[in-house]
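J.: Listed below are the residues making up each chain.
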Amino acid sequence: MNIIVTSIDYILNWSRANSLWPLTFATSCCGIEMMQTVASNNDIARFGSEVFRGSPRQADLLICAGTITHKMAPALLRLYEQMPEPKYVIAMGACTCGGGMFAQTSYSVIKGIDKIIPVDIYLPMCPPKPESLLDAIRKLQSNIKKESILERKSFTNKHSSPLSESCGLLTDEFNVTKLGVL
Amino acid sequence: MNKLKLNLGPQHPSTHGVLRLILELEGEKILSCEPDIGYLHRGMEKMAEKLSYIQYLPLVDRIDYLAGFFYSELLCRTVEKALNIELSKRVKAIRLILLELNRMASHLLWIGAFLMDLGAVSPFFYAFRERELILQYFEKVSGQRMMNNYFVFGGVRRDIEFLEDIEEILKILPEKVNDYEKLITENPIFIQRTKNKGILDKNTAFNFGITGVNLRASGVELDFRSGDYLYEGIEFKPVVLDGCDSYTRYRARVQEIRESIKIISQALEILKSEKDLNQNLLNPFTLSLPEGEYIQEIEAPRGLASVYIKSTGEKTPYRFKWRTGSYYSVNLLRKLLKGAYLNDAIAISGSLDIILPEVDK
Amino acid sequence: MNWAEFQNIFSDCRLYGDKIVINSNLLKTVDFIKTNYHFDMLKEIIATDNGDGSFELIYRLFSPDDEEDLLLSINVKDETESVSSVFESAVADEKEIYDLFGIKFIGNTELKRLYMPEGWVGHPLRKDYQENDERLKWNE
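Chains as they are written, first to last, in this note's numbering: chain A, 1 to 182; chain B, 183 to 543; chain C, 544 to 683.
Hints listed in this document are in silico derivations from the structure and should not be mistaken for laboratory results. Some hints here could point you the wrong way.
[As the list claims (entries may be wrong)] In silico contact screen, one side only, chain A against chain C (beta carbon under 7 Å); selected entries:
| id | residue |
| --- | --- |
| 1 | R46 |
| 2 | F47 |
| 3 | H70 |
| 4 | I110 |
[Said to hold, decoys possible] Simulated pairs of lysine to aspartate or glutamate, EDC-like, Cα-Cα distance not exceeding 16 Å:
| id | chain 1 | residue 1 | chain 2 | residue 2 |
| --- | --- | --- | --- | --- |
| 5 | C | K670 | B | E227 |
| 6 | B | K492 | C | E661 |
| 7 | B | K232 | C | D671 |
| 8 | B | K454 | B | E343 |
| 9 | A | K146 | A | E50 |
| 10 | B | K492 | C | E599 |
| 11 | B | K517 | C | E631 |
| 12 | A | K129 | B | E314 |
| 13 | A | K129 | B | E321 |
Note that beta-carbon positions come from the ideal geometry of N, C-alpha and C, so glycine has one too.
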């Protein structure tokens, strides 16, 4: 039994890890470094992630590249929830990891996107160099290769949104469904 | 025909960040456009009131991440002028070189991103290859690629090095720009998508507060560099083209890259003759501006940038206000997109070179 | 511009530093300066909270022919005339000031929340702004 499971795991994880399709979600400064990672000198295609998708329904990696503010937070949550399983998140840049330079004095910046969505890889620095983003993708790949279908339940629990009643402004008045309504 | 409301953004690959356009459509025709901004509002102006000048200085690069040097320079300049500090010739030349390199990097990125908006992917790779040369030079000099934080009140962090790298960039770039022009300028698809699209005449531009390349591509010779103290003794000609459309704005930016190359080579000559880095560095811990109001301006890649500081003599400013070029360009979209077709919407908004942190501050 | 001639028409204005300070007739003055002295561009509107419930608005007009600035200053309570009928760019500035300071501009039809989301309490750039929204406790 275990032999079958590990063989399936191996094939499944191998194919998932080497075809991570990121969502183009470039909110600010880190987005430019993300573009640089795609461009000639760094070439993200070597790691199977060059297919940037405009629609969350076709993507399985959310590279959150840049500051998230209160106004943007519902959009981020909505995009994450629209992505199909399995999905992974890289928090790129200091702002997404914990508010960065804006954490202490700004009134509108979210202090870390892990308050809204679960994060797999944290990538600090302001902004991270393209090489660091490639390293983060490699680390995520090695994490994916350790997954097993037997632990599927715990995986989906881990990757469901932690948003609880405590996130007041986000859930009631700035309801995610309101964003699309004009 | 039924009217349709289309929501473009805030997460859209072609809106250069988090711009949201609410378009009212009739068929393919845009009846009205309402930009919705603020998705990247970080409260920069309020933060300035809570922080001292030296604490605020590193944050300033984040206002425009493609041209961070300009905003650093603007803040340093305001403080220096308020306290009557003279810069030595070498410091001025260093700042000038870095500013113009940054302008080139910004325009190069714009060429790549704009052409990608129109569906051409290869210019993106070419433009980013050359931009990487400039960024790697910035990293050598200041230790950071984009958020350099290199200018300080009264001078620069340390003396500039690796001049041979700049000379190499200046040697490589003109050929590469020629290559882009061969690839893009005469391309029939590109011409069809941009020529006579997004017409911005002179009076509309004045009325909407448009400055910078967008204004000069409408035939107005207004370049705030000509009165700038950094550009004293430097010969340069503002790029003024009379076409008013997206195509002209593209040509103006390409020509500005060539103009920047000329400015940098002149500044390099100054740098070679002036060996002495005479810095008048201020003590950042006791720094405070005398009571009063201060306004300074600079010609940034995306139009006029200016800063207003009201000081009461304390260590933190009483009021801090940024004026950025992109903010007014976004407002202009309401006018330019009205009556245009949906497939031109991205081409027109891309040609104005909007960057969102500058809009949202 | 000719200062003496200007003061003849608008008698209640005075020169303070390099600013022209007026007390009323904002729209009329801005329109007059634009048509007669060719200040064709409004660079920006700067709002400042004086701390005593009044706000100072500085209009930075610019003449592209002479490359010259003109600062026009007015003190307002929380309501004033909009100059958006003279300068289109004022629409953007007034929206920003409405959001961050809460000053209403009569005649500008597009005033609503701009930077902050709908439902946000308070105007952040006012001096008495407090960050004590109970709904935002999760973000601390």
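J.: Could you tell me which of the numbered hints above are not met by this structure, giving the numbers in increasing order?
T.: Structure breaks hints 1, 2, 6, 9.
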